Amino acid sequence: MISTINTLPKAAGRSLAGFFRSPRAVPYLLLLPGIVVILSVVLVPLLVSFWTSFTSYNLTRPETLYNFVGLRNYQRLMGSAEFWWAFGRTFLFITITLNLELLLGLGLALLVNRITWGQRTLRTIMMFPMMFSPILVGFQFKYIFNDAIGLANNALFDLGLIDQSIPWLVDGTLANISIIAAEIWMSTSVFAILLLAGLMALPKEPIEAAKVDGCNAWQVFRHITLPFLMPFVFIAMTIRSLDVARAYDMIRIMTNGGPAGRTELLWTLMTRTGYQNSQMGMANAMGYVSIILSIVFTFYFYRKLTAARAFMGGAQ
Amino acid sequence: MLGSFLCKALLASCAALTMIVSASAQEFDYGSFPGYTLRVKLVGGTQYEKLYTRIPEWEARTGAKVEIVSSKQLFDLDREVKQDIATGQITWCVGSNHTSFAPQYGGLYVDLKDYIPAEELAKYVPGTLASSEVEGRLVQLPRVTDVSNLYYRKDLYEDSARQEAYRAKFGAELAPPKTYDELKQQIVFFADPPNLFGTAFTGKDEGMSGRFMEILRANGGDLFDNNWNPTFNSPEGVAALQWFVDIYRAGAVPAGTVNYTFDEIGQAMAAGQLAIDLDWPGFAGFYSDPASSKIADHLGFALSPVGSAGVRGGWSGSHSFSVTEACDNKKAAASFAVFLTDDESELMEAKAGNLPTRSATYDEVIKYFNENGKTALAEMFVIWEASLADARTPPLIPQWIEVSNVLWPQLQAAILGEKTPQEALDQAAAEARTILEDAGVL
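Chains as they are written, first to last, in the numbering used here: chain W, 1 to 316; chain P, 317 to 758.
These aren't lab readings, by the way, just hints derived from the structure by calculation.
It cannot be assumed that every hint is accurate.
[Stated by the list, open to error] Derived list of chain W stretches under chain P, where covered just means 3 residues or more per stretch with a C-beta under 8 Å from a C-beta of chain P:
(1) 58-65
(2) 138-149
(3) 243-252
(4) 259-268
(5) 278-289
Since this is a predicted model, take the numbers as computed values, not measurements.
Quick reminder that beta carbons are idealized off the backbone N, C-alpha and C, glycines included.
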């Protein structure tokens, strides 16, 4: 029995060495550098941050990294109305902005696709908002929506539509609408560019055939163009749902989650907790709870993407 | 005759000797560090970077080189320093700091009293230097200091129709306010939105907490008691918060003031949209410059008002330089910090309208402004210097910013009418207590 146990590691070692000498190991060996890089830049930080969410880790007191507090951070979050309001508001923010960006981006792409002269110039111009840093966009829209000197109020005054300033960034609903408007201005072109790529790759034959068969423009769009575009739509949605947090810088400048928490999103709350308050343990716990959002959105869009691709496969 | 001559000669030589000795005692030895490269992280931005044009002078004097490894806005620099602490990557020697931030950094910075002679430190404004200490350690050398006083539009105060209306309504002469009650009365009196507001205040972040703290202290209250129990939900605190609620509800301040930072208030005042502004000295140059300000010709200055306790709140803070414990040449680092806050540096800062941290600079800069026809700035320095005696920083504990972050959203909630001042302050006090209990302070 003892000799069997002793020989097991040797046998395992021999078989492992044999595997690495065999041609079957080639793909794994070739992938090894990539795996190592991914493990070091993704997995290790993930594990460390996950660990810190069970500690009272304070950024300016590194020794607290080992101060295990169990589920205290998560328990506090479960009972924190502030956190759950921010969670709900973030969910709403992502849902509204992504859908509106999709609609506007699709409209833009369809319009630009019809242009035969100057399309390249227009495509470049369309990308301008993407080139602005979110901080700059934040300052720009903070100025536009300033209640005293802002462009929006001044224009409305001049047109005689209002006789009292509208507190755009103070009223709860208006402040959230203002932030959504800024985000849509900044990111609609991402959708437009991706969908335009889809439209340009669209085969002409099915459309011509449909027209010959008597379909009107709406029917062509509804039954040919849109199904063809759906994989592009879901890819764009997935990408945007993951990078929508870029809006943090913009919101920080415009309202920083205020006033009185009316525009608080998970990103402003987490950054204030982690960096200003130095409570990185708690901020990471917030991050892990909020990952639920990312998983839900990504899972939903991937399922839709697969379905859309299967539909396209069937159609072909 | 000869005796008298000898006596005079002896006295003269003694006086000369005393002058030489005192001159040499006053002259700081910047040292010699040939071949050494000093790595520094400095606050960036137009108003701060002019001082750095003096760095080549220090390099020439000491033989060392300065490498600016980071230059960022103060809040970003704070974030970067915290990341450096977390990762243990303190590979730099001198860092820009601020009295509000310094307590958070624990043992990151050295006690400068060990590296700078007492006679050199005696040249700094005593109160400002005392505010630069954390737990008895001088962790920073103050560069410029801030304390708030009143800017007002003289044309509004001198307008006879307004004077008459004020007299008829309140039975008093229209003059810059001496108390917060009077200030509130005048803010509401002057307001004529949307063209003119009584004032505006920083309604978020530490700016909101600081303004509240200022009135709270002027009313005789404070944020904490001696044992760090939160006490800002006291009657003095409720009265301080009610002051903001009253001017906001009266529509005497822009509705958006709850999102304003100092920059927006400065712009609004310079555009002639505010009657009064309780603000930092750094705005004096901007407001008195006809190229940037519509109120340059009728800019007035007055001491900040007193509260119900008859004292000034005097919210104050200083930008500063600190030297890291991990620095491999602390003498060079301390030399650099002293150089950037020496008489010449302070005069440079003061000429730009900033409040210097060396006592001798005040007379010098007031003389300079008077001689150069900038009488408004000279007037400002006289008033701001007088208010330094009442200047007080926020509590110098590591948890201040965190406490501030639970305080200002609650202040906003009361100002916007979501809660009563008492409810808002009770909630903030409960959250502040949790923070201090977690930190082991309570």
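- prompt: Going through the earlier hints one by one, which of them does the structure break, listed in rising order?
  reply: 3
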